[in-house]
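Protein chains: 2
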Amino acid sequence: MTETVAWMAVDWGTSNLRAWGIGASGTVTGSASSEKGMGKLSGVEFPAALAEVAARLDPSGSSLEVLICGMAGARQGWMEAPYLEAPTDLRQLGAGAVRPTMPDGTLTAAILPGVCQKQGGEDVMRGEETQLLGLAVLSPGYGGLVCMPGTHSKWALLDGTRIQRFTTAMTGELFDLLKTHSVLRHSLQGTLDGPGRDEGFSAGAQDGLDAPGDLLGRLFRVRAGALLSGREPDWCAGYLSGLLIGTEIAAHRGQIGAEPVPLIGSAPLCRLYAKVLEMDGASGRTVDATEVVLAGLKAARASME
Amino acid sequence: MTETVAWMAVDWGTSNLRAWGIGASGTVTGSASSEKGMGKLSGVEFPAALAEVAARLDPSGSSLEVLICGMAGARQGWMEAPYLEAPTDLRQLGAGAVRPTMPDGTLTAAILPGVCQKQGGEDVMRGEETQLLGLAVLSPGYGGLVCMPGTHSKWALLDGTRIQRFTTAMTGELFDLLKTHSVLRHSLQGTLDGPGRDEGFSAGAQDGLDAPGDLLGRLFRVRAGALLSGREPDWCAGYLSGLLIGTEIAAHRGQIGAEPVPLIGSAPLCRLYAKVLEMDGASGRTVDATEVVLAGLKAARASME
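Going down the list, the sequences are from chains A and B.
Quick note: the first sequence uses this note's numbering, first residue 67, plus one each step.
Quick note: the second sequence uses this note's numbering, first residue 67, plus one each step.
Bound conformation, chain A alone (with noise of 0.2 Å):
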């Protein structure tokens, strides 16, 4: 028999939102998404679309308290939650949380805040400073850099449950951009994942760490290499990966450490990053998404009640 559903975790994206029962134990009683992210809703339509997935995690239509992290509370999502201002301690965040009002009463929403830098360097980050409470919750002393590796980058820096400072790097971004509109593009066409993906995306990984300085320059190098010595798509594609990523870590370098730096992300693009750490005498351990920002919500929601 399941266990009843004593809240629900969200983490609202802007493109979809997965959802969580949790028993009374801490248990997950079972998962839901849906492709309604806060990109395609307008404020009213938030509740609904909550509704409709707290339906299928609690068929029995309980009351039920829903504790959200991520692009809702952003100033164009349901309702601002205010950034906490780093450096901070990951655990201000449930105090943060805003109410927004739900059209019946059985559910009881709450969204907690992102944050943001105003000092060295302007920045801003919402659902990634929940999964980096959860990481250190479950790495009780950790300091030191984490890495997030996406379309949009974090790299925070830890020291237990307090992040101290944070960029974004846009290398995911950058690499569709340039996949699909730049010039590039005409060497990017046809079989990407073939058995030269991995050599390109050596070479170009250590170009990128060679001469982070020089990204601007090397993007070129893709499409002389199409040209000049007839670089198949996939070796193309690995290159320009490679080479992004290796840009990315090298200005990083002087802030990691000896212990693996925690990779939050797919498995794949944190394999990816795992390998470059290496390549530039680091290391990187792949920590489980999921995981962190379910014991990021969970520890979020001790510190409400």
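No wet-lab data here; the hints were simulated from the structure.
Where hints are given, some of them may not hold.
For identical chains, the list gives no copy identity; a pair is met inside one copy or between any two copies.
[To be verified] Derived pair list, reagent style DSSO-like, types lysine-lysine, alpha-carbon separation capped at 30 Å:
#: 1; residue 1: 245; residue 2: 184
#: 2; residue 1: 184; residue 2: 341
#: 3; residue 1: 245; residue 2: 364
#: 4; residue 1: 341; residue 2: 106
#: 5; residue 1: 106; residue 2: 245
#: 6; residue 1: 102; residue 2: 245
#: 7; residue 1: 341; residue 2: 102
Go by the hints and put chain B onto chain A.
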């Protein structure tokens, strides 16, 4: 009375073509342009596009020699003009010309080769090599870097008419991609040429000069600055432009000498590059792009006679 056209000079780019009638004494008798760039034509359409422009420059319809530089000589253009390989003497361009056949006997066309680089970073250029030859002819004895800002900026190390090496920076294309397609577009909608543009440009250029290895991380500051400090679209556009140009110039600063760097490109863009060079303790001088391409085509033609 207009001087008789002795031959025709053509700069045939991807998006358009520009042509000049040249008199026996070297005077420009007239100019014409067409939207029929290489990128819009299939191989068989080049002769008619050329004849159309020639008829405007020389209505007499007498037989004419035409010397062409640029993308008409690309593999996907009219007829491939195989690259010269750098390092090379640009006075060799004429000897590398190819001669496509014209359907009627009125025009006799020759297309100059581009230049490629295989050692020390694969790269290619088509069109810029002719401008560089023109610059070398107009500034005899110049040795040092030449910067050609644009969609794909070229930086070439010249020693008289000899091109030692060169590299391409995808600066202009990246600006357009980020402005049009990336998450930064949200911060770049509205009046981009407002009074905040200069201030944003200076801030971005300084960031690029200070931390060229952190371009991926600095880009997102455009978005964060709009969210946190209410930066207006003009400031954001200036910051992005400055950041990219500052990063590009920083990558070359080790090779910039005491002499002003010749800047070949559009006047407004050259002014921005000159400003950032000055911020970095160097200087630039704008060179008229039409003047050098004409000088290059004339020098190449003289070598072919």
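Here is what the structure says about each hint:
1. 245 x 184: Between copies only: 24 Å across, 32 Å inside.
2. 184 x 341: between (32 Å within a copy, 28 Å between copies)
3. 245 x 364: Neither: 39 Å inside a copy, 39 Å across copies.
4. 341 x 106: neither (35 Å within a copy, 42 Å between copies)
5. 106 x 245: Both ways: residue 106 and residue 245 sit 24 Å apart in one copy and 22 Å across, limit 30 Å.
6. 102 x 245: Close inside one copy (27 Å) and across copies (26 Å); limit 30 Å.
7. 341 x 102: Close neither inside one copy (34 Å) nor across copies (47 Å); limit 30 Å.
Violated hints, in rising order: 3, 4 and 7; the structure is consistent with all others.
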